[in-house]
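Just so you know, the sequences run in chain order A and B. Residues 0 to 354 (numbering that gives the first Met the number 0) make up the first sequence, in order. Residues 0 to 354 (numbering that gives the first Met the number 0) make up the second sequence, in order.
The reader is advised that the hints may include incorrect statements.
As the list claims (entries may be wrong) - Okay, the calculated beta carbon distance ranges per label pair:
1. A:Pro348 to B:Pro94: 46 to 56 Å
2. B:Ser275 to A:Gly311: 16 to 26 Å
3. A:Ala64 to B:Glu350: 46 to 56 Å
4. B:Gly140 to A:Thr66: 32 to 42 Å
5. A:Gln180 to B:Asp49: 37 to 47 Å
Claimed, not checked - As a list, the in silico DMTMM-like pairs of lysine to aspartate or glutamate whose alpha-carbon atoms are at most 20 Å apart:
6. A:Lys96 to B:Asp166
7. B:Lys76 to B:Asp166
8. A:Lys290 to A:Glu336
9. A:Lys96 to A:Glu328
10. B:Lys96 to A:Asp23
11. A:Lys96 to A:Asp166
12. A:Lys162 to A:Asp272
13. A:Lys333 to A:Glu277
14. A:Lys333 to B:Asp165
15. B:Lys333 to A:Glu277
16. A:Lys290 to A:Asp23
17. B:Lys333 to A:Glu13
18. A:Lys71 to A:Asp166
19. B:Lys96 to A:Asp272
20. B:Lys96 to A:Glu144
21. A:Lys290 to A:Asp335
22. A:Lys96 to B:Asp49
23. A:Lys96 to B:Glu13
24. B:Lys71 to B:Asp121
25. B:Lys76 to B:Glu144
26. A:Lys333 to B:Glu144
The hints are simulated quantities; they were obtained by calculation from the structure and are not laboratory data. The beta-carbon is built from N, C-alpha and C at its ideal position, and this holds for glycine as well.
There are 2 protein chains.
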Amino acid sequence: MSASHAGGLIIRQEEPRNLEFPFDRLDSYLTPVESFYIRSHLHAPMIEADSYRLTVDGAVKNPSAITLNWLKSLPAKTIVATLECAGNSRVFLVPQKPGAQWELGAVGNAEWTGVPLATLLDQAGLNANAREVVLEGADRGLPAELPRPPEPINYSRSIPLDKALDDVLLAYAMNGVDLPQDHGFPVRAIVPGHYGMASVKWLIHIRVLEEQFQGYWQTIDYGFWDEVGGIPVRRPLSQVAVKSEIARPRTFEVLPKGQPFTVYGAAWCGTGDVVSVELTTDGGQTWAAAKFLDPIRAHAWRRWSYDWEIPGHPGRFTLKSRARNAAGESQPEKFDERYFSYVVNYTLPIEVVVQ
Amino acid sequence: MSASHAGGLIIRQEEPRNLEFPFDRLDSYLTPVESFYIRSHLHAPMIEADSYRLTVDGAVKNPSAITLNWLKSLPAKTIVATLECAGNSRVFLVPQKPGAQWELGAVGNAEWTGVPLATLLDQAGLNANAREVVLEGADRGLPAELPRPPEPINYSRSIPLDKALDDVLLAYAMNGVDLPQDHGFPVRAIVPGHYGMASVKWLIHIRVLEEQFQGYWQTIDYGFWDEVGGIPVRRPLSQVAVKSEIARPRTFEVLPKGQPFTVYGAAWCGTGDVVSVELTTDGGQTWAAAKFLDPIRAHAWRRWSYDWEIPGHPGRFTLKSRARNAAGESQPEKFDERYFSYVVNYTLPIEVVVQ
Numbered sequence: 000m001s002a003s004h005a006g007g008l009i010i011r012q013e014e015p016r017n018l019e020f021p022f023d024r025l026d027s028y029l030t031p032v033e034s035f036y037i038r039s040h041l042h043a044p045m046i047e048a049d050s051y052r053l054t055v056d057g058a059v060k061n062p063s064a065i066t067l068n069w070l071k072s073l074p075a076k077t078i079v080a081t082l083e084c085a086g087n088s089r090v091f092l093v094p095q096k097p098g099a100q101w102e103l104g105a106v107g108n109a110e111w112t113g114v115p116l117a118t119l120l121d122q123a124g125l126n127a128n129a130r131e132v133v134l135e136g137a138d139r140g141l142p143a144e145l146p147r148p149p150e151p152i153n154y155s156r157s158i159p160l161d162k163a164l165d166d167v168l169l170a171y172a173m174n175g176v177d178l179p180q181d182h183g184f185p186v187r188a189i190v191p192g193h194y195g196m197a198s199v200k201w202l203i204h205i206r207v208l209e210e211q212f213q214g215y216w217q218t219i220d221y222g223f224w225d226e227v228g229g230i231p232v233r234r235p236l237s238q239v240a241v242k243s244e245i246a247r248p249r250t251f252e253v254l255p256k257g258q259p260f261t262v263y264g265a266a267w268c269g270t271g272d273v274v275s276v277e278l279t280t281d282g283g284q285t286w287a288a289a290k291f292l293d294p295i296r297a298h299a300w301r302r303w304s305y306d307w308e309i310p311g312h313p314g315r316f317t318l319k320s321r322a323r324n325a326a327g328e329s330q331p332e333k334f335d336e337r338y339f340s341y342v343v344n345y346t347l348p349i350e351v352v353v354q
Numbered sequence: 000m001s002a003s004h005a006g007g008l009i010i011r012q013e014e015p016r017n018l019e020f021p022f023d024r025l026d027s028y029l030t031p032v033e034s035f036y037i038r039s040h041l042h043a044p045m046i047e048a049d050s051y052r053l054t055v056d057g058a059v060k061n062p063s064a065i066t067l068n069w070l071k072s073l074p075a076k077t078i079v080a081t082l083e084c085a086g087n088s089r090v091f092l093v094p095q096k097p098g099a100q101w102e103l104g105a106v107g108n109a110e111w112t113g114v115p116l117a118t119l120l121d122q123a124g125l126n127a128n129a130r131e132v133v134l135e136g137a138d139r140g141l142p143a144e145l146p147r148p149p150e151p152i153n154y155s156r157s158i159p160l161d162k163a164l165d166d167v168l169l170a171y172a173m174n175g176v177d178l179p180q181d182h183g184f185p186v187r188a189i190v191p192g193h194y195g196m197a198s199v200k201w202l203i204h205i206r207v208l209e210e211q212f213q214g215y216w217q218t219i220d221y222g223f224w225d226e227v228g229g230i231p232v233r234r235p236l237s238q239v240a241v242k243s244e245i246a247r248p249r250t251f252e253v254l255p256k257g258q259p260f261t262v263y264g265a266a267w268c269g270t271g272d273v274v275s276v277e278l279t280t281d282g283g284q285t286w287a288a289a290k291f292l293d294p295i296r297a298h299a300w301r302r303w304s305y306d307w308e309i310p311g312h313p314g315r316f317t318l319k320s321r322a323r324n325a326a327g328e329s330q331p332e333k334f335d336e337r338y339f340s341y342v343v344n345y346t347l348p349i350e351v352v353v354q
């Protein structure tokens, strides 16, 4: 993608910055850095590389505070991972739910370079009862929604120890360049397969806990209602549900009747590979298989396309796509209200006008 | 504009439908019908042409209820008028204000065909004390914000009698075709030079009043704080303030250093012609004149362009445009808080990345 066509974001909130990739411009496997959606909970902190310190403490034998250079001197790993905001596609919900009204573009696929979190945890030496790892950012403030803590807090999110030791990355580069400020300069977590809220930006603190973390963004926000024995219980969101999205045509796009049109999109899933995408152009009565443009790669999206013969008569047509993963899980037809305003992975309708 | 490129809207709210024109796609004087922003306060009513009746009553000598065919049999007039939502560009406000988070595209310029409201008022015969004309739509429901009436109400808005007798149109066609449902089929008001809230859609009732109308969308919503002798008083919004917007480049677009780039946009004003647009590419230190692509036409926008020599060094640059009307009124540098979340006509910053 030539630099002159990259960038250009839809503003969903000016401050803190919440900007969306115009998903209809999808045309590359890797989302250009300048086109990648920006999700910020609080004012973006400005961190100097020279004064940056990453503290590792809590239930560890050797607490430390490491510099950026020290981090960069450790063996690095590069992965491709799709990040999707848990609130992506919220604008489709009726009635409207609070929060940024994301449409299709609070998702992106990038190459991330950094040091496995496991490397730092190994060096720190975990206590025997270690159970979770809290990732804390430098962004600090009062959350927007009630109930909230009485004083400003830093953005923080916890992940289970097994995930922390598996594939979490402490990334300092994105598509081969330093992380931009809005994406967490100088270091952010990448938690592959989890919604974006886990991939903490401006990461300054790694705290190992021996108990279950009950922070604001783990319980009040980014939680959902599970149940135990019929009783609703609050749990943190984690893995990304299987989903596909139509990039083109766009909502209310006008298409010429009787012509071929290549429907184009992407599909992803937190865990488990996406193995099929189907498309309906009649509102869900009939479905046909789309073809994949990208191979299977754990935690990364696959673009797909479908050659549609636009009907020969004018009218309004509703397109939907439906992905399925290797475990047989498909996108649902309707939104699951247990998630209130998150995990909007049902088959989203795109209405077009044929003339 | 070829049909295959029209349409494609940004969803700001799914229901009631609030969809925005992607302003970076501006490339014609008239906004195509399918690209025109959609602003709905309540669920869109479906009206059959055959059963449609437009009631004219209140302070008139001859109340009537006319059919669509009867309306269409009256002498018609065609005008070009820009409609802008009073909340357009609200997303730029910090802190965020309630309401649809419009960016740049809750504005459009179309050709409207219909019957002058004055024709119907003449036929009805105004009482001597007639003072305002309430336009009421078929859309009905409970407004979102408090304080609100205890029962559902129809959307309604009042205009002063002199404006009603001057140039208000009862439009049944848009760019030469029947009004689409989302734009008020079969008849909407067009109140040239006033914010879009006055151009009532699905118009079913014209009520002449001898007093000042104090409806919900005249006082609580679409109002602002004026003052009398130092005391704040509530007044309805009316005329569109002078404004220009940059369509291209887009927010955070990546541009190649040292190359020419044509900055492109549009400018408009409710009353008084836009006579100049200036552009700054250094955040406001220096301004240079843009050139107009369209002639002056009352109540319609003028597109403009500016040939920018992009600096030869990389960096982030902030572009702003500033329009001035014939009366010498310019866009302000800052938002006027008396409007709370409306009339966002200050010089909006568009940040681009030069590489």
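Hints, one by one, checked against the model:
no.	hint	in the structure
1	A:Pro348 to B:Pro94: 46 to 56 Å	violated, 33 Å
2	B:Ser275 to A:Gly311: 16 to 26 Å	violated, 50 Å
3	A:Ala64 to B:Glu350: 46 to 56 Å	violated, 34 Å
4	B:Gly140 to A:Thr66: 32 to 42 Å	violated, 59 Å
5	A:Gln180 to B:Asp49: 37 to 47 Å	violated, 60 Å
6	A:Lys96 to B:Asp166	violated, 40 Å
7	B:Lys76 to B:Asp166	holds, 10 Å
8	A:Lys290 to A:Glu336	violated, 31 Å
9	A:Lys96 to A:Glu328	violated, 26 Å
10	B:Lys96 to A:Asp23	violated, 28 Å
11	A:Lys96 to A:Asp166	violated, 33 Å
12	A:Lys162 to A:Asp272	holds, 18 Å
13	A:Lys333 to A:Glu277	holds, 17 Å
14	A:Lys333 to B:Asp165	violated, 50 Å
15	B:Lys333 to A:Glu277	violated, 49 Å
16	A:Lys290 to A:Asp23	holds, 18 Å
17	B:Lys333 to A:Glu13	holds, 15 Å
18	A:Lys71 to A:Asp166	holds, 18 Å
19	B:Lys96 to A:Asp272	violated, 41 Å
20	B:Lys96 to A:Glu144	holds, 15 Å
21	A:Lys290 to A:Asp335	violated, 28 Å
22	A:Lys96 to B:Asp49	violated, 38 Å
23	A:Lys96 to B:Glu13	holds, 11 Å
24	B:Lys71 to B:Asp121	holds, 17 Å
25	B:Lys76 to B:Glu144	violated, 37 Å
26	A:Lys333 to B:Glu144	violated, 28 Å
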